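Residue strings, one per chain:
2 protein chains.
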Amino acid sequence: MVLSKDRLRRYLNVKREYSEDKYINVNPIQRGGVLSKEARLALLEWGDGYSICDFCPPQTPRLDKITRPPIRDFYQDLAEFLGMDEARVVTRCREAKLIVFMTLAKPGDYVILDSLAHYTSYLAAEAAGLKVKEVPNSGYPEFKVDVEGYASKIEEVLKETGRPPALALITHVDYMYGNFADASRVAKICHDYGVPVVLNAAYTAGVSPVNGRALGVDVVVSSGHKSWASCAPTGILALTQEMAKEVLRPSSIEGDLTKRRFAVKELALLGCTVMGAPLMTLMASFPHVVERIERWSEEVEKARFVVEQLERIKGVKQLGVKPKMHTLIHLETPCFYEVSKRHKRRGFFLYEELRERGIVGIQPGLTKHFKFNVYGLSWSQVKHLVWSFHDIAEKYGLEVA
Amino acid sequence: MVLSKDRLRRYLNVKREYSEDKYINVNPIQRGGVLSKEARLALLEWGDGYSICDFCPPQTPRLDKITRPPIRDFYQDLAEFLGMDEARVVTRCREAKLIVFMTLAKPGDYVILDSLAHYTSYLAAEAAGLKVKEVPNSGYPEFKVDVEGYASKIEEVLKETGRPPALALITHVDYMYGNFADASRVAKICHDYGVPVVLNAAYTAGVSPVNGRALGVDVVVSSGHKSWASCAPTGILALTQEMAKEVLRPSSIEGDLTKRRFAVKELALLGCTVMGAPLMTLMASFPHVVERIERWSEEVEKARFVVEQLERIKGVKQLGVKPKMHTLIHLETPCFYEVSKRHKRRGFFLYEELRERGIVGIQPGLTKHFKFNVYGLSWSQVKHLVWSFHDIAEKYGLEVA
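Which chain is which? The protein sequence lines are A and B, in order.
Heads up: the first sequence is residues 181 to 581, going by our numbering.
Heads up: the second sequence is residues 181 to 581, going by our numbering.
Incorrect hints may have been included.
It does not matter which identical chain is meant; a pair holds if it fits inside one copy or across any two.
[Said to hold, decoys possible] Here are the simulated DSSO-like cross-link-like pairs (lysine-lysine), alpha carbons at most 27 Å apart as the crow flies:
hint, residue 1, residue 2
1, 425, 311
2, 324, 439
3, 339, 311
4, 494, 286
5, 311, 548
6, 548, 339
7, 548, 439
8, 502, 563
9, 521, 202
10, 195, 217
11, 195, 548
12, 521, 494
13, 497, 425
14, 311, 286
15, 202, 245
16, 524, 339
17, 425, 575
18, 425, 286
19, 439, 311
20, 202, 217
The set of hints was computed from the structure by calculation and includes no laboratory data.
Keep in mind it's a predicted model, so treat the numbers as computed, not measured.
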């Protein structure tokens with residue numbers, strides 16, 4: 181047995197090096213997933229495996245039917261909060277997309293994506309056997325998705341296959357530039373062709389106000405660990421009543437011999453989904469989330485302040501649409517690249533200089549351009565971030581206006 | 181907005197009523213998922229959303245490539261522990277089955293299941309578009325799966341379709357009677373027809389020694405929150421090298437416009453799976469799990485003791501194969517049913533009498549027959565459980581030999 185005690189010791193007491201109490205972590209995917217203190221309590225209370233199954237109703241054994249803890253209420257409130265009719269918590273935003281693609285499309289069908297879609301939108305399409313067509317963006321430096329392009333892509337599919345695509349997906353805010361897309365315009369265009377629209381709100385719902393009904397979309401998917409102050413893995417799937425009928429269709433398989441059937445179970449969810457602690461963190465953080473989205477404009481203000489201040493370093497330029505409408509920031513920084521060429525640590529110098537100043541989360545090695553997220557930082561942390569960049573710039577002789 | 185502060189208060193500080201420190205919880209699905217104390221520490225340390233992504237390698241951004249925390253090592257050790265070549269942690273055992281069914285079979289194909297298979301095995305088959313054929317069991321009172329029946333079911337499929345089924349699944353220990361199936365015999369039979377075998381080890385791996393190589397199976401799936409002292413949702417997928425080639429096939433989709441590709445990502449896993457705290461609980465509990473499976477025989481001894489003692493109550497009879505080889509126990513108890521007919525609380529009397537004695541986890545309302553699990557109980561807890569049943573029996577005038 182190679183699994184000696186010595187070997188196994190590596191799994192004990194593994195500490196997180198970049199925890200919130202030690203560093204300002206501006207990792208682009210992490211800011212919205214920092215737990216609320218209520219969620220931390222929930223973790224300890226509900227950590228054990230199937231802890232939430234103590235009061236599963238025997239007649240309808242299903243996660244969304246549990247009332248102790250109040251999961252049934254939560255699902256209703258979650259739908260209400262997102263302006264949709266039905267909501268389910270699934271294991272990841274990507275799983276929500278797969279579920280939607282598997283249930284609302286057939287293998288060989290097309291789904292239209294924006295060209296800034298997350299890789300998981302492509303993978304979910306591929307896993308469901310779908311083909312994709314991408315709606316272009318404006319390219320450097322704004323990379324703005326041309327939402328009018330949804331019409332021409334739908335026309336392309338019509339010409340090629342004789343019928344409209346099964347679905348369209350629009351990324352509400354993209355992972356690369358933090359651009360906001362005009363989802364309601366996309367919904368309008370696609371609905372003119374009878375194409376249902378999936379809103380990928382992984383970077384918006386949970387941190388900013390998102391109302392699917394007001395936007396006119398048919399499905400909203402989001403990520404609890406990205407934007408709802410929850411543990412991974414938690415995804416959110418919210419649906420109009422019409423879509424719910426298809427997407428949440430019950431199982432109809434029957435055992436050939438036993439004749440067992442499982443009609444109470446939602447097929448594409450495989451029955452129950454997130455049965456433990458992560459769901460409870462999502463619930464415990466929900467009051468905090470409902471409250472924090474009202475403060476979104478201040479978060480955007482911080483982002484704009486950071487951009488304004490960092491652009492004082494000569495050569496620094498924000499990519500994506502200006503002014504910022506989201507806290508995910510992508511900067512082009514040729515000035516830091518020039519420094520890296522003469523620095524003995526090469527591209528790693530910037531990462532290391534930032535870390536010395538208590539800041540982590542920018543990809544090690546990058547200096548030409550990089551992204552980060554200031555969501556949920558206090559103003560004093562924001563100012564420290566700005567000071568750190570200025571201090572590093574000055575240390576290496578860059579001009580700070 | 182109906183989401184008033186008052187309404188939202190219900191999600192704050194929700195306590196688990198049946199926690200380990202208050203009750204002996206013998207819920208059949210919960211005993212193997214009680215966290216180790218090391219896992220409890222990991223929860224707090226790694227609770228934040230994407231906490232484990234701080235050191236994701238930029239060139240191969242994938243969960244199984246992360247070395248800080250030691251996820252890469254863990255995946256290797258997990259495979260080794262299960263006697264397989266490759267292992268991945270996925271979101272649930274049911275997702276592991278779906279992944280295997282989607283990648284190793286095509287819609288319309290058959291999968292052979294044992295007739296005691298968990299509902300999620302059927303749902304995974306249905307979601308993947310597969311048809312099922314069930315291998316019979318011996319029925320009352322043993323419900324022993326006739327493993328030789330795999331041959332005749334395969335023959336049936338051959339006759340019907342001209343080719344063997346895509347897959348066979350055998351439930352190592354079933355959820356209903358806790359019977360052990362002879363997986364190595366199933367593997368032998370199925371391999372004679374060239375049919376790969378999936379072992380559903382949700383109730384065995386993590387609590388008892390399971391070696392996929394020794395059993396001759398091609399895939400092992402298991403459940404972290406059921407049997408590995410982990411948070412939900414965590415599933416385990418372990419594969420031979422040959423299966424891994426298919427099941428872990430990378431993505432090949434390409435954007436029509438951007439030409440973006442994602443060849444580093446494992447398609448059926450949708451890239452990364454369990455990115456946070458639940459994975460860390462699985463890792464933190466792993467040394468404990470490696471150690472505890474060596475004590476399996478003592479756990480079985482406790483189960484046999486309980487059966488022997490409860491069968492002293494006249495009319496109580498253990499269902500499933502005797503003697504017990506697993507800690508999940510199903511009892512037939514017509515004597516308690518007789519009591520319920522004259523009790524003002526009807527079927528709920530037994531549940532309530534047990535709860536008064538500090539025992540929960542038996543389905544409320546059941547008295548004719550019910551199941552529970554004694555895994556991981558101390559001998560003094562086991563004895564208290566026995567005493568409680570005897571005490572209740574005597575209270576209601578039942579004969580205890």
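>> Taking the earlier hints as the rules, which of them does this structure contradict?
In response: Of the numbered hints, 4, 5, 6, 9, 11, 13, 16, 17 do not hold.
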